Amino acid sequence: MNIFVRLRKRNFISYISLYIIIFLYSLAILADFISPYPYNKQFRDTPLCPPTKINFFDKNGKFHLRPFVYEYKLVNPSLNKYEIDRNKICPIYFFVKGERRKILGLFPSRRYLFGVKEGKIFLFGTDMHGRDIFSRVLYGARISLSIGIIGVLISFFLGFLIGGISGYFGGKIDNVLMRLVEIFMMFPSFYLMLALRAVFPLNLSSFQVYLLIVIILSLIGWAGLARIIRGMVLSIKEEEYVLSAKALGIPTFRIIFRHIIPNTFSYSITAITLSIPGYILGESTLSLLGLGIQEPYPSWGNMLSVCIGNLRILSNAPWMLIPGFFIFLTIICFNFLGDGLRDVCDPKNW
Amino acid sequence: MGKILEIKNVVVGNEEIKILRDISFEVEEREIISIVGESGCGKSITLRTIIKLLPQNLNILSGKIFFEGLEITKLKEKEMQNIRGKKIGMIFQEPSSFLNPLFTIGNQIEEGINEKVEKDKKKERVIKILEEMGLSYNVYYQYPHQLSGGMQQRAMIAMALINNPVLLLADEPTTALDVTTAFGIISLLKNLILIHNLSIIFVTHDISLAKYLSDRIFVMYAGIIVEKGPSIEVYNSPLHPYTQKLINCLPEKYNKGEKIKTIEGEVPSFKNLPLGCPFSPRCEIKNKICEKRIPPEIKIGNRIVRCFKYGNFMES
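Residue numbers (this note's numbering), protein chains in the order written: chain E, 1 to 350; chain U, 351 to 666.
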């Protein structure tokens, strides 16, 4: 708990970022409950509908305590022109009943956090199939946010293990492991990513593709990290407190993982938080090329990929770029958080 | 009193250089031994040889070390780990850099406890030993950088003694401290022998401190122990010309207004040691034989000296 107080005192921006990240993750976890529609629900009659405005005053200027939305009507299907029907008021209710689904796959429920009883509510508009972008952003957050964490965990585990062993023992072990690392670093990471993806068949289930992407991304990410950790271990193992730990008779692996690795944290905590965005972007890149998470399941990457290269969508329906804003927000928050954590994790700064 | 440590003709070095040449001594139970000498004459390496934590490029080339009758020169790294910290503790010169900056003192000392006991018991034991060292209870929760140099050194001693070792190796523990703090540490060490049944090998370059603290003094020069003997005798009537000069340089031997005295020349580098007695280039009473052969150990009463001045070598 102490660490949060310290973070607030030392680096307020990163403290806020931490809460934004927590907020984003809770949105992702509660996506089933918060999103007003399922991610694959298509409203064929309202493709590319702009975000619905939430109003408190009707056209006569009368105040409504319960916010409401107007109904949007497609007037020109070829140009996707919408008109607001100001005569029809659709009030927003909390805990409305909708289609039955399981929250987190566990609790069956028909209640949604908010919604309208008549008409439709699209906070972020809809895509060309008439699916609610707000709901899809929430479901997409599940993929995009978890891929970063899991990928980082795998690649940092590998990086610390291989870099730590290599740096501490040196000699032949170091030589063999570092040549292995170089093989991984030799390939341009983007092509390695494509090649690894190409090895596997295209018709995998969403979950399999997800696992595959995590593994591919972390396989690419660990090598550079292992090299840096090795360098740091090489210098830290000559530190005198390592000698004094040895003089205390502490076993070798305990020395590596308790005395040496924690002293690399000033670097690696920043590196961890800075590399999470890399995974989110990596997944987006694969999705953008159609090799990542497949439709209809959303990820921020594949939601963006639809509108990239389609000028008409970009100019007529800019709300399709909202997932990009979320990628941006996540990345910048992780960067600030990394900055703050680096300050806070060094006892000398307390 | 039995022997705890026995070192026999140990040579440490590699193909190119020999850092320690023919070191032999023994340490009795509850004895304090001081090794004195200038910087770079192999004092710290001697300690690190005993605990077998030599720098990577150095090895024990020959000789034997017996600890409690066990030949530790033959032990594997795994077996050594059971001796380090448990039977032999070690404290160092610069306590601030020998404590891991990321962990609290309590955390670090606890780590050294090798028996499997509950967390509460461990904490109790750590606090007990910290208090014994004259530190307050809350040092347990503090980080190394929050302590003063003297407190850090006390914490280091606590860390070295947590498993009740029988031998403590002290590598210039007072060099980084001011005189008052150093005196506190020295009195602490003296008390510890009685409480913990401990022997201490104390490395220092302050020969008057060595006299005050220890039972015996070993004077070291360029990897050779040139003089061994009871501390008061060595201090009052040094035999080896090096010891004589060392003691002559002490500030308390000066007359008023006298300039600071030094020993002419410097400690030879280990890469080109003189062929004979290593002190011969700086020695005023050297003879021809001094430049040809390394003097053997010559016993005079209960002291041992390595100088051709004694014995019947001068004539030949």
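Keep in mind the hints are simulated off the structure, nothing from the lab.
These numbers were taken from a predicted model, which means no experiment stands behind them.
For glycine and all other residues, C-beta sits at the position ideal for the given N, C-alpha and C.
It is possible that part of the hints are untrue.
[Unchecked claim] Ranges between beta-carbon positions, derived for each pair:
1) U/Glu-421 with E/Leu-153: 40 to 48 Å
2) E/Lys-172 with U/Lys-603: 35 to 43 Å
3) E/Thr-252 with U/Leu-411: 23 to 31 Å
4) U/Tyr-487 with E/Lys-172: 45 to 53 Å
5) E/Met-185 with U/Glu-468: 42 to 50 Å
6) U/Glu-465 with E/Gln-294: 52 to 60 Å
7) U/Glu-641 with E/Met-185: 39 to 47 Å
Legend entry - Whether the CB-CB distance between U/Glu-465 and E/Gln-294 falls inside 52 to 60 Å: With Cβ atoms ~57 Å apart, the hint holds.
Legend entry - Consistency of beta-carbon spacing, U/Glu-468 to E/Met-185, with hint 42 to 50 Å: This hint holds: roughly 47 Å between Cβ atoms.
Legend entry - Distance restraint hint 40 to 48 Å, applied to the beta-carbon atoms of U/Glu-421 and E/Leu-153: holds, 47 Å
Legend entry - Consistency of beta-carbon spacing, U/Lys-603 to E/Lys-172, with hint 35 to 43 Å: violated, 55 Å
Legend entry - Hint check for U/Leu-411 and E/Thr-252 - Cβ pair distance inside 23 to 31 Å: Given range 23 to 31 Å: holds, Cβ gap about 24 Å.
Inset, instruction - Go ahead and decide if the range 39 to 47 Å is satisfied by the Cβ distance of U/Glu-641 to E/Met-185. - result: violated, 58 Å
Inset, instruction - Could you say whether the range 45 to 53 Å given as a hint is met by the Cβ separation of U/Tyr-487 and E/Lys-172? - result: holds, 49 Å
Hints 2 and 7 from the earlier list are contradicted by this structure; the remaining hints agree with it.
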